[in-house]
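Using the sequences and the hints, build the whole thing.
Chains as they are written, first to last, in the numbering used here: chain A, 1 to 441; chain B, 1001 to 1366.
Treat the hints with care, as some may be off.
Computed cross-link-like contacts, DSBU-like style, restricted to lysine-lysine with a CA-CA straight-line distance of at most 35 angstroms [unchecked claim]:
no.: 1; chain 1: B; residue 1: K1158; chain 2: A; residue 2: K291
no.: 2; chain 1: A; residue 1: K244; chain 2: B; residue 2: K1158
no.: 3; chain 1: B; residue 1: K1036; chain 2: A; residue 2: K441
no.: 4; chain 1: B; residue 1: K1158; chain 2: A; residue 2: K177
no.: 5; chain 1: B; residue 1: K1158; chain 2: A; residue 2: K239
no.: 6; chain 1: A; residue 1: K202; chain 2: B; residue 2: K1158
no.: 7; chain 1: A; residue 1: K266; chain 2: B; residue 2: K1158
no.: 8; chain 1: A; residue 1: K61; chain 2: A; residue 2: K118
no.: 9; chain 1: A; residue 1: K191; chain 2: B; residue 2: K1158
no.: 10; chain 1: B; residue 1: K1089; chain 2: A; residue 2: K239
no.: 11; chain 1: A; residue 1: K226; chain 2: B; residue 2: K1089
no.: 12; chain 1: B; residue 1: K1158; chain 2: A; residue 2: K161
no.: 13; chain 1: A; residue 1: K420; chain 2: B; residue 2: K1089
no.: 14; chain 1: A; residue 1: K374; chain 2: B; residue 2: K1158
no.: 15; chain 1: A; residue 1: K197; chain 2: B; residue 2: K1158
Sample of chain B residues facing chain A (criterion: CB under 8 angstroms; computed from the structure) [said to hold, decoys possible]:
no.: 16; residue: S1153
no.: 17; residue: D1156
no.: 18; residue: K1158
no.: 19; residue: N1163
no.: 20; residue: N1164
no.: 21; residue: F1181
no.: 22; residue: V1268
no.: 23; residue: P1272
no.: 24; residue: Q1273
no.: 25; residue: N1289
Between beta-carbon pairs, the in silico distance windows are [what the hints assert, rightly or not]:
no.: 26; chain 1: A; residue 1: N435; chain 2: B; residue 2: F1181; range: 34 to 44 angstroms
no.: 27; chain 1: B; residue 1: T1247; chain 2: A; residue 2: A199; range: 56 to 66 angstroms
no.: 28; chain 1: B; residue 1: S1265; chain 2: A; residue 2: G365; range: 31 to 41 angstroms
no.: 29; chain 1: A; residue 1: G92; chain 2: B; residue 2: I1317; range: 37 to 47 angstroms
no.: 30; chain 1: B; residue 1: Q1124; chain 2: A; residue 2: G294; range: 40 to 50 angstroms
no.: 31; chain 1: B; residue 1: L1055; chain 2: A; residue 2: G365; range: 25 to 35 angstroms
no.: 32; chain 1: B; residue 1: P1235; chain 2: A; residue 2: G294; range: 51 to 61 angstroms
no.: 33; chain 1: B; residue 1: G1074; chain 2: A; residue 2: A199; range: 54 to 64 angstroms
no.: 34; chain 1: A; residue 1: G294; chain 2: B; residue 2: I1150; range: 18 to 28 angstroms
no.: 35; chain 1: B; residue 1: L1055; chain 2: A; residue 2: Q436; range: 51 to 61 angstroms
no.: 36; chain 1: A; residue 1: N435; chain 2: B; residue 2: R1238; range: 47 to 57 angstroms
no.: 37; chain 1: B; residue 1: I1317; chain 2: A; residue 2: N440; range: 37 to 47 angstroms
Hints were generated in silico from the structure; no laboratory data involved. It should be emphasised that the depicted structure is a prediction, and the values quoted were computed from it without experimental measurement. For every residue, glycine included, the Cβ atom is placed at its ideal position computed from N, Cα and C.
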Amino acid sequence: MKLSRRTKVAAAVAATASFALLATGCSASGSDAGTSSNPITLTVTTFGTMGFDKLYSQYEKEHPGIKIKATNIDTGDNALTDWQTKEAAGSGLPDVQAVEEGWLSKVMQVSDQFNDLKDYGANDIKSRWVDWKLKQATDKSGRIIGYGTDIGPEGLCYNGKLFAAAGLPSDRDSVAKLFGGDNATWDDFFKVGEQYKAATGKAFYDQSGFIWNAMVNQQPEGYYTKDGKLNIENNSDLKALWSKLAGGAAAGLSSNQTQWDWGKGKAFTDGSFATFVCPGWMLGVVQGQVKAGGGDASTGWDFANVFPGGAANWGGSFLTVPKQSKHPKEAAALAAWLTTAKSQVSTFQAAGTFPSVTEAQSDPGVTGDSDLTKFFNNAPVGKILAERAKGVVAQYKGPDDSVIQSQVFGPSVQQLDSGKANGDQAWANAMTLLNQLVVNK
Amino acid sequence: MTTVTRSPEAARATPPRDSEDRALTFKQKLSRFDVKASPYLYIAPFFVLFALVGLFPLIYTFVVSLNNWNLLTGPGQWVGFANYVTELKDPFFWNSLFNTVSIFLLSAIPQLIAAVFIAAMLDQNLRAKTFWRMSVLLPYVVTPVAVTLIFSSAFDEKYGLINNILQSVGLHPVMWKTETFPSHVAIATMVNWRWTGYNALILLAAMQAVPRDIHESAALDGAGSFRRFFSITLPSIRPTMIFVIITATIGGLQIFTEPKLFNPSSAVPGGPQRQYQTTVLYLWDMAFNRQNFGRASAIAWMLFLIIVAFGVLNFLISRRIASTEARVHRSRTAKRLARSRAAAASTSTSAEGALALAAASEEKNV
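In structure tokens, the structure reads:
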């Protein structure tokens, strides 16, 4: 289409006019602090249950120049799609964007699209978080792009009644000892599993996916080396873990459940399995599943202060300030406030998200009794999680980490569980997929 | 103020209108313009909107498909048709096409047969007609997401209703979500449940437009209801059939919601081993999980071309079928007519005369 001179003139006039509008509009809402009569509106996008709702109104009360417009997306996956789309489109992102650890590797590919929070005082508060949480939010060039909210230190959920029925110890401390206490290994785990299977004929854990996830996450290096090189095919550590996993599945220890479905909770109440991998936030999921399956606290689920193979973390989130934000200073201040020890105690009580701030972890509001402790046979959930958070390392996650986890190993894990392939075959299949999906993409 | 001798209006009015038919008045011009251009203006919004939300994305997608384009980091280098070549070599692309076509056939064929049957039944003299007609449309009103949630739970391998029933009568449970053929059947069932009634209503409308007197005269000539259905009803609703088949093809090849939500927690969209990953689901996975926008766009374009090809093929086949049918009929009728004439020549009985009459009227109807 060729523009006539008149259209060009008209376009120029329109452009100037809109620019003028934009300029005046900007000076009206200004980069200077908002006032109660002319407040700044900050948009916040979160997902799942993050427990911020009460905090927003408190913040608005304490800061009359700020109005908060919050959007909560139902799941982390949908929030990822939302963020990716807006990031790709170059507009529409909020002032404060919550980011999940699972997609942090994607975020890090475009970390320059986020504000360096050091420009807004991150250095003054960075000691508040456990060190590895801060490290996760720091990009390659040392910029801090997110403030940590919760973390997901992993403990072991087990069903005390089923353990007792199998002749195994069922109180929390003995169970921790049974798996090897502080030195618990995956070998111990599978050995106990075989005992359980021999006594009851039933599966020991729900499915292999979460176990593999934990195994990989607790290594100092996962699918990538520290300097960002893909390291799977000749990684003997991973291969050895895979053999253990395959051995467990071959021994019938996996119940081959559909993850995130579990027969709509039925599997948690009908004795299909007796142990379950439990990061802090998973406790709420277990509670929900048991209730959906028609059970309650008497179903027997408990939470032990032990995890095979050493400390592991799964999940947890960050609050970031995208470059698209027009009020980065105010947004960063809000993000910092939402992640103070006090705020994190409040979110733990509201949503059960375990704090990443050290001071909050020992707060009586976290260590004390709650609905969750009652559900888990009065297990001191907060105290156990604080113990489990010790020794976690921040593993480097490469850009294709989530694809490798779900699409390279996902199918093979399912083959193990359904008995369609043995360990070596399933590993070989995973390597084929790796080459097809990641190496030669 | 008073110096003005001639008003501008007067000055303008001076050129005389010499003849009405040579120079039209503004009003006449306007009405001529109205007649000529208005239809285009009225239809313009559709085309403007289509250009905006249809044509532009189509072309833009094509441009993206010629680039190495990451969802997050944006356009990379220009690669020409390399994305298309990669896709054509990718076994997952072919797998997705196989799944799509398989699910499409499993859904379209039974669905159309059932829809024609239901429409024929509804075309009879039923009591409470509107009730039956609205009832078949009910599944269509339910949102596909809800349908999928219900069916997904019913088809659950361990705890689902269907496997429970199978096991209670001593059969083996079917692996609806982890094996290829059962998963295709399950997804096709969802599609059929949703669309059969809708198609039946459209076909019913067509059937009702078939003139009743043709039916009556055929009945008088002794044609039974089956004969009338195959010789009168089906050929008469051919254009509607073609429409239904083409829309079913387009919809069937774009199937997404059902496979996406059939097992939403699956690590790989479309089943652990991609057993029911349809092409659109593969496209979505490529764009949003694997972040490869370039290849995703290439898939989108190839799918577009495949759908167009399928549409044309469908059209040709359905036209062919109808015309061969007519040809077969014509030759069969001619043969019978000749036979009965020969018979009539030797012994002219009333029965054979009637047969000849029936054959003749059949020829007319074809």
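Evaluated hints:
no.: 1; hint: K1158/B x K291/A; verdict: holds, 19 angstroms
no.: 2; hint: K244/A x K1158/B; verdict: holds, 26 angstroms
no.: 3; hint: K1036/B x K441/A; verdict: violated, 56 angstroms
no.: 4; hint: K1158/B x K177/A; verdict: holds, 33 angstroms
no.: 5; hint: K1158/B x K239/A; verdict: holds, 30 angstroms
no.: 6; hint: K202/A x K1158/B; verdict: holds, 15 angstroms
no.: 7; hint: K266/A x K1158/B; verdict: holds, 10 angstroms
no.: 8; hint: K61/A x K118/A; verdict: holds, 26 angstroms
no.: 9; hint: K191/A x K1158/B; verdict: holds, 26 angstroms
no.: 10; hint: K1089/B x K239/A; verdict: holds, 30 angstroms
no.: 11; hint: K226/A x K1089/B; verdict: holds, 33 angstroms
no.: 12; hint: K1158/B x K161/A; verdict: holds, 23 angstroms
no.: 13; hint: K420/A x K1089/B; verdict: holds, 27 angstroms
no.: 14; hint: K374/A x K1158/B; verdict: holds, 30 angstroms
no.: 15; hint: K197/A x K1158/B; verdict: holds, 19 angstroms
no.: 16; hint: S1153; verdict: holds, 7 angstroms
no.: 17; hint: D1156; verdict: holds, 6 angstroms
no.: 18; hint: K1158; verdict: holds, 6 angstroms
no.: 19; hint: N1163; verdict: violated, 11 angstroms
no.: 20; hint: N1164; verdict: violated, 11 angstroms
no.: 21; hint: F1181; verdict: violated, 15 angstroms
no.: 22; hint: V1268; verdict: holds, 5 angstroms
no.: 23; hint: P1272; verdict: holds, 4 angstroms
no.: 24; hint: Q1273; verdict: holds, 5 angstroms
no.: 25; hint: N1289; verdict: holds, 6 angstroms
no.: 26; hint: N435/A x F1181/B: 34 to 44 angstroms; verdict: violated, 28 angstroms
no.: 27; hint: T1247/B x A199/A: 56 to 66 angstroms; verdict: holds, 59 angstroms
no.: 28; hint: S1265/B x G365/A: 31 to 41 angstroms; verdict: holds, 33 angstroms
no.: 29; hint: G92/A x I1317/B: 37 to 47 angstroms; verdict: holds, 46 angstroms
no.: 30; hint: Q1124/B x G294/A: 40 to 50 angstroms; verdict: holds, 47 angstroms
no.: 31; hint: L1055/B x G365/A: 25 to 35 angstroms; verdict: violated, 58 angstroms
no.: 32; hint: P1235/B x G294/A: 51 to 61 angstroms; verdict: holds, 57 angstroms
no.: 33; hint: G1074/B x A199/A: 54 to 64 angstroms; verdict: holds, 58 angstroms
no.: 34; hint: G294/A x I1150/B: 18 to 28 angstroms; verdict: holds, 19 angstroms
no.: 35; hint: L1055/B x Q436/A: 51 to 61 angstroms; verdict: violated, 35 angstroms
no.: 36; hint: N435/A x R1238/B: 47 to 57 angstroms; verdict: holds, 51 angstroms
no.: 37; hint: I1317/B x N440/A: 37 to 47 angstroms; verdict: holds, 39 angstroms
Hint compliance for this structure: hints 3, 19, 20, 21, 26, 31, 35 are not met, and every other hint is.
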